[in-house]
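Position chains B, C and D relative to chain A; hints supplied.
In the order they appear, the protein sequences are chains A, B, C and D.
Position 180, counted from 1, in the first sequence is what my numbering calls 180; the numbers after and before it change by one each time, with no gaps.
Position 174, counted from 1, in the second sequence is what my numbering calls 174; the numbers after and before it change by one each time, with no gaps.
Position 71, counted from 1, in the third sequence is what my numbering calls 71; the numbers after and before it change by one each time, with no gaps.
Position 205, counted from 1, in the fourth sequence is what my numbering calls 205; the numbers after and before it change by one each time, with no gaps.
Rather than coming from a laboratory, the hints here were simulated on the basis of the structure.
Misleading hints may appear alongside valid ones.
One copy or any two copies: either way a pair holds, since identical chains are not told apart in the list.
Said to hold, decoys possible - Straight-line Cα separation of at most 30 Å, DSS-like style, residue types lysine-lysine; simulated pairs:
1. Lys163 with Lys113
2. Lys161 with Lys144
3. Lys161 with Lys68
4. Lys205 with Lys261
5. Lys144 with Lys68
6. Lys29 with Lys68
7. Lys113 with Lys29
8. Lys29 with Lys261
9. Lys161 with Lys261
10. Lys68 with Lys261
4 protein chains.
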Amino acid sequence: MPILGQNQYGKAENRVVRITRDGATHHIKDLNVSVSLSGDMDEVHLSGSNANVLPTDTTKNTVYAFAKEHGIESAEQFGIHLARHFVTSQPAIHRARIRIEEYSWERIEHSGKGAHSFVRTGQETRLAQITYDGAAWEVVSGLKDLTVMNSTDSEFWGYVKDKYTTLPEAHDRILATDVSARWRFNWTDDEQPMPSWDASYAQVKRHMLEAFAETYSLSLQQTLYAMGARIIDHRSEIDEVRFSLPNKHHFLVDLAPFGLKNDNEVYFAADRPYGLIEATVLRDGVEARIPADLTNL
Amino acid sequence: MPILGQNQYGKAENRVVRITRDGATHHIKDLNVSVSLSGDMDEVHLSGSNANVLPTDTTKNTVYAFAKEHGIESAEQFGIHLARHFVTSQPAIHRARIRIEEYSWERIEHSGKGAHSFVRTGQETRLAQITYDGAAWEVVSGLKDLTVMNSTDSEFWGYVKDKYTTLPEAHDRILATDVSARWRFNWTDDEQPMPSWDASYAQVKRHMLEAFAETYSLSLQQTLYAMGARIIDHRSEIDEVRFSLPNKHHFLVDLAPFGLKNDNEVYFAADRPYGLIEATVLRDGVEARIPADLTNL
Amino acid sequence: MPILGQNQYGKAENRVVRITRDGATHHIKDLNVSVSLSGDMDEVHLSGSNANVLPTDTTKNTVYAFAKEHGIESAEQFGIHLARHFVTSQPAIHRARIRIEEYSWERIEHSGKGAHSFVRTGQETRLAQITYDGAAWEVVSGLKDLTVMNSTDSEFWGYVKDKYTTLPEAHDRILATDVSARWRFNWTDDEQPMPSWDASYAQVKRHMLEAFAETYSLSLQQTLYAMGARIIDHRSEIDEVRFSLPNKHHFLVDLAPFGLKNDNEVYFAADRPYGLIEATVLRDGVEARIPADLTNL
Amino acid sequence: MPILGQNQYGKAENRVVRITRDGATHHIKDLNVSVSLSGDMDEVHLSGSNANVLPTDTTKNTVYAFAKEHGIESAEQFGIHLARHFVTSQPAIHRARIRIEEYSWERIEHSGKGAHSFVRTGQETRLAQITYDGAAWEVVSGLKDLTVMNSTDSEFWGYVKDKYTTLPEAHDRILATDVSARWRFNWTDDEQPMPSWDASYAQVKRHMLEAFAETYSLSLQQTLYAMGARIIDHRSEIDEVRFSLPNKHHFLVDLAPFGLKNDNEVYFAADRPYGLIEATVLRDGVEARIPADLTNL
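Here chain A stands alone, though its shape is the one from the complex (with noise of 0.2 Å):
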């Protein structure tokens, strides 16, 4: 009889808005919640037994309930506590992961009463992963969507010329990029100190947008390096980086049938194909964990 794998499920993508009223301030958070859920679930599977089955719609409940109950102080304060719950209270269930999106909101300014009026600021995408065995805590956070560019300081040249190469070396090139980045914290345990999840966010970001810009850069390889190595200097409760970097193609458009010269200044920006850069830095001495292909949840 074929044997049943490696297997999870929850409800995904349930998006929650929580608003915090301090007067005529409000606060807002704004998070897509998924929840994956592990354990003794051989029988739903084989017979369609759901005796162990805590159902999606649960779980769905949960997250509303738990917006409530904790609020939501951080995506990932708000992720240790589900994950903590589905463990800890459902015999059936050994491990949980609770995948979180969050999209931010700035103030509109105005002249009227209150503060209660948002526009998203619509850069990256925050992401949250958290998992939990009942033993052990996993945190990785992350980012995609972040779009980048440096419109010099980045050559391509030396690299191996086969029997199918054709591309001119550049001296002087756009370098663009829509970072996708995971990063795992080395918080594992409940009597460790918690990370302050929001200020470390900040920093990372911060840190991968530098490093970005101050290398001049002989390959996509080497700036995707640099930005994890900052982090990893800089971000002490943090242990491994993964990035999956997209090489967002611009060509300079061959202006010369027009009798124009093209001095670095008209490029073609390129859908595809494109490059497709992905590289894992780590503290030295730990182990990765993080999955080479990043899903886009």
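Showing chains B, C and D alone in chain A's frame:
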């Protein structure tokens, strides 16, 4: 024989990035330009003769060449250069319409040398549509995907109830929408002084956001009208505004089954269906010209 | 005071699935229905009074109730029921426009009991738009995302060359497009016999595909006209067709650097930019009514 | 110093269309090919030296050249040619992974001459992933976006109820999902006879659809296992199957407020949130190798 009606053709979605170098300080313009031409085009439809057809590939080349020849002062100014060129240089072309999306970038703050590192702001996409028939100009600017929310100061009651009505009245609700707006300038003639396109855009966006924030709303229609009226009242260069505003429903979650009170704190952000509110606001005495259905580009 | 122009409102994208059980044989209709109403709506914009406003939530409820009360014989017939209801039952509503997307399913062949298992065909999305003002009907049907390709019998030459033209002439190229089409019926009055909506749709799609396949093409415009003319010539119930046809470029890859000859064998399928060809084909003597710019829904 | 961990790079999403002409009868293969290479890549990350780097542009060229040199017999066979080439021709490349999406086309039936007109079927996207390290092969095929529905023969009851459970038990519900599946072949060695890739794919798809249709379902997990077990039982070339199945909820609409009975006839098709059921089904005695989280490409 079937008759040929309105027709237009061109190259859509030419992605052009223009870098301007002022020493180590770079400036960036990032556009998506679509060209659409009309004129004496019966034969290409009826017999396939291309004798009157400037290839769409040529219109693409022209976009890139003009980015060098004229630079990109603003999306509108760039579109004016292009539209004028096609209509005045090609006898068979009687009308040109240029549509432009613009993506905005901000500088990455860092302590390294130079100012040539950027991050996409990611908020709204700016839009411009320039139409020229050899005699008169029509410039319609706009934006899409500007997501805004008021977490209070919105009500909805006193509406018609028929046999299919179940909605309870609301006296304190979230009001959220993705603003899609188009506004038409009264500049139509080369003899008129041209508006300052970038300054106008910034002010229109500001007025929209302020009107959204400052309007105590009894309906999304009321908010829409307030946003449009604010623009017409404050910006004499604009005669007409069209909005398409999805009502992004945020439903208060019923937490009573869990023994919890939800005092306008926890909301479910719904996807579909959504209310869709669309209307034009006009300067008194002018004729509406923006189509009722806004297109995505 | 700024003037209120054209306005409309309603609930968009109501996803309704209707199952009809004929014993163990089930039938399925899968629609996405958008309601848009216009009428005496000045006050809701100017003062926020909802006294004339049937809530968008009620229009949603009506969609689901009508799926039970009237069934869904076809998208067009369902839209006619809805539009008539809103205009005739609500004094303030003077015009209703119903837009419908329909997704098609086919049966999964299997050897078990019953016939209630389906797989989405996934080809084109069928469209219908029904507008009623209490006196006359306008029915526009259509489709989108029907992707077609001729791998030969397409040329492009003899076009205008200006100083920006670099395109070489082509005497054997791929012609591919995603067909987006809308066609208007001449049924406008309850006294006229109603077309057979489903049979008409199937025939129009067949004629479009056949005309695409059988036309030796000197330009995409010629193919477009042939597709429209075929419909006007063969389907007396239809007076007007509008097409928006992106020219999905397939560029022959230059394999000469690798010592290989590419005899129309290996192509790069490009994304952006793309040619965009749009035109209306009309029955002689009728007036065009479909807007030049097709919207996505 | 921070350590470099797993890394890979290459050109993603090379869109290649291969036409084979058999007189006036043409055949088409339409692929999206992503190349990912690993090996001695420390220096490019640490110092920016590209001495070991075959450019991603070269990997793109190789895809197009191989489409001519080897043709595209099947996605899997094409990927095997590519992976073998990179690993055996480049000393610094120790592992190549080729991912392929395939889009299927069917012929347009018509009465004209030739057989070179096609329409995209638009159903599922076929997937293939070929990995080679110079010694062993791993081939994982799959599909995504195969949308299926049973309109009856699905129940859900007997589950755990905790304080957050409100879901009523269901004894006749719709079961619908978008199948995303990957299956691993036990072909790993050039000495073994190679499976017939296209025939295998067709049979796996048939078994999945039949198992979905023929399983009376007490949970989506049970249906998932039945689909996987059917494949393992019937296809000896496959050792492991992984599924990611969103539970596309179709909620019975409450029509009682309108005096109507909804006897499993009218459903609301919801978007988010959705249940997400993921599991592996394995041949007894083999080790699982497909990652728990499926990626989109």
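**OP:** If any of the earlier hints don't hold here, list their numbers in rising order.
**Re:** Violated: hints 1, 2, 4.
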